[in-house]
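Between the sequences and the hints, there should be enough to build the whole structure, so can you do that?
Chains as they are written, first to last, in this note's numbering: chain A, -5 to 330; chain B, 75 to 358.
Heads up, some of the hints might be wrong.
As the list claims (entries may be wrong) - Ranges of calculated distance between the beta carbons of each label pair, as one might list FRET restraints:
#  : chain 1 : residue 1 : chain 2 : residue 2 : range
1  : A       : G21       : B       : A211      : 38 to 48 Å
2  : A       : N30       : B       : R111      : 33 to 43 Å
3  : A       : G81       : B       : A211      : 49 to 59 Å
4  : A       : G81       : B       : T324      : 38 to 48 Å
5  : B       : I285      : A       : E113      : 41 to 51 Å
6  : A       : P80       : B       : K201      : 21 to 31 Å
7  : A       : P80       : B       : W142      : 46 to 56 Å
8  : B       : V344      : A       : K117      : 34 to 44 Å
9  : B       : R111      : A       : D61       : 25 to 35 Å
10 : B       : L250      : A       : K117      : 44 to 54 Å
11 : A       : Q48       : B       : R323      : 52 to 62 Å
12 : A       : R112      : B       : S140      : 50 to 60 Å
The set of hints was computed from the structure by calculation and includes no laboratory data.
Glycine is no exception: its CB is placed at the ideal position from the N, C-alpha and C atoms.
Listed below, chain by chain, are the residues.
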Amino acid sequence: MIEARDLTKRYGDKTAVDHLSFKVEAGRVTGFLGPNGAGKSTTMRLILGLDRPQGGSATIDGRPYTDLPQPLRTVGALLEAKAMHPGRSAYNHLLFLAQTQGLPRSRVDHVLDLVGLREVARKRTGQYSLGMGQRVGIAVAMLGDPDVLLLDEPVNGLDPEGILWIRNLMKQLAAEGRTIFVSSHLMNEMAVTADHLIVIGRGKLIADCSTQEFIERSSDKYVLVRSPDATRLAGLIAAEGGKAEPQPADNGGSGLLRVTDMDAARIGELAAADRVVLHELTPRLASLEEAYMELTADSSEYGAGAAPAALPADGAAPATSEPATTSASTTGQDSQ
Amino acid sequence: MTTTSPAAPAAAPTAVPPAAHHVGFGHLMLAEWTKIRSVRSTVWTLLLFVVLTVGFTALFTWLTASNWTSGTNAATRDATITANPVGFILGAGIGLGQLTICVLGVLVITSEYSTGVIRSSLLAVPKRQPMLAAKGAVFGLLILVIAEIIAFASFFLGSAILHSHVPVAISDQNVLRSVLGAGLYLAVLGLFALSVGLLIRHTAAGITTVIGIVLVLPILSGLLPGSWGAHINAYLPEQAGSLVYSAHRTSDQLLSAWQGFGVFCLWTAVLLVAGAYLLQRRDA
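Okay, structure coming up:
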């Protein structure tokens, strides 16, 4: 388990991580989301003891990273592609790391097999493609067979096959009971990989909830209705408390309504009662990407505010503010 | 922890790592040795050191021997060489060869920063200073061994070439100390350069700084007037350190050979401690 308590990191007068508290539980893939510059990489570097926080602390299984005697056996990290000497082979890069942990050479061969680079492992890494470099990084992370993995943008530079491979790898490792903490700015990738999400913006926590919850709480829940008698239907919906907005005609079709504050079943019943013909009745859920865009847009708007609790102040999106409220209340206690 | 899950056969880790045993300083030294030997620039730079040092020893002693008693200022020059033949022989090669050691010392640490390897290194050894200690030990020992071999080779080559004019033997007074001292000087110089590289963390700036300290500062301080100028000059790292590979002691010399070497070691120790402190404090 990874735990951050009140982590704060400033570079000059810029606050990269702002009183951030969260827990990453074992046995599931936890996605770490945020726009570029939100502080994801900095947070990971703080957890790994590469940067020193001005305030707060981070622990892995209850201990600071710097107190781990053979850290690579406990924690595997992929920080950036090609953090390797271009003149050194992948084999030797892995070998020197294995030697620092007292790991045998067979572990090097094993992780090279795992990432499918055994044939090219003796070549200098300067000749590798971005995707190959990323695979070496994953081999480094897996070298000590760690229980905790921190992966910063692992799918960067990978081809579709590679993306699928790492997605399955992460899920499998989580199923084995390991802690998987993976950052990304690719929402749709996280939607299919992560069980749980931690979302930050401007270094502050925005949401800490399951992926499903995150999407469901989006305010962008609506129903698309198409009818040749759209005007009358809109009147019926409005009379029952729903909101129906005519949509611009698409594909030559017409009579498309976007209905909020009323579910599809109720719309269908209303239409049947008044014998209005329906051509389409589709409940729509915002994608993770849409939910995320909405949340982080709020975060930029209120980014200067003191706490994530500032979010519910945005009355226009009460539903999306809920995760933020939840997280603020769960993590707020730890921050003292 | 490891299982043989059938879910994703290509990805399943199957080898169980051995039970954790104590990881000692020897493991860290082995890792640093792997780092040093697995990069071509190390090998090339060391090869350059050998070629330059031996080559210039041969060239300078041969040029001197073949122009003995001829040319302007020949008498002064010949007198200086006769008074201190081992200093002349070793100085001819080391004067240039030492620059490659400066470059290598800086590169050993700054290349980790420029390539991002430092983050891998520090993730593996998060206490940081043991990594630096292992690096210093391995690099220092490597340079010491190679430099001692080259120092003896240079001495025997140079003394053979000069033999007809100035016979000098390894058994002569202070000669063995000078030859051994040459290797010691170069090993400490390597650590001196490593410390500067650690403080500056940038290859070009690091190399420029070290070369400036070794080559330019003695010249500049030589221009300073009076006895305090002489004192500053005498206590400069390179000026003090080079005394240990010179057999002769002139009357106006402020430090003895070993005192000078001690001053050089002190400079290096101060920089190393400062570098170790900053390594611990700074974000990687």
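Status of the hints after comparison with the structure:
1. A:G21 to B:A211: 38 to 48 Å: The hinted range 38 to 48 Å holds for G21 (chain A) and A211 (chain B), with Cβ atoms some 42 Å apart.
2. A:N30 to B:R111: 33 to 43 Å: Cβ of N30 (chain A) to Cβ of R111 (chain B): about 39 Å, so the range 33 to 43 Å holds.
3. A:G81 to B:A211: 49 to 59 Å: violated, 23 Å
4. A:G81 to B:T324: 38 to 48 Å: Distance hint for G81 (chain A), T324 (chain B) holds at roughly 45 Å.
5. B:I285 to A:E113: 41 to 51 Å: Holds, at about 42 Å.
6. A:P80 to B:K201: 21 to 31 Å: holds, 28 Å
7. A:P80 to B:W142: 46 to 56 Å: holds, 50 Å
8. B:V344 to A:K117: 34 to 44 Å: For V344 (chain B) and K117 (chain A) the Cβ distance comes to about 42 Å; the hint holds.
9. B:R111 to A:D61: 25 to 35 Å: Holds: the Cβ-Cβ distance is about 31 Å, inside 25 to 35 Å.
10. B:L250 to A:K117: 44 to 54 Å: 47 Å Cβ-Cβ, so the 44 to 54 Å window holds.
11. A:Q48 to B:R323: 52 to 62 Å: Taking Cβ atoms as reference, Q48 (chain A) and R323 (chain B) lie about 55 Å apart, which means the hint holds.
12. A:R112 to B:S140: 50 to 60 Å: Holds, since R112 (chain A) and S140 (chain B) (Cβ atoms, about 58 Å apart) stay within the stated range.
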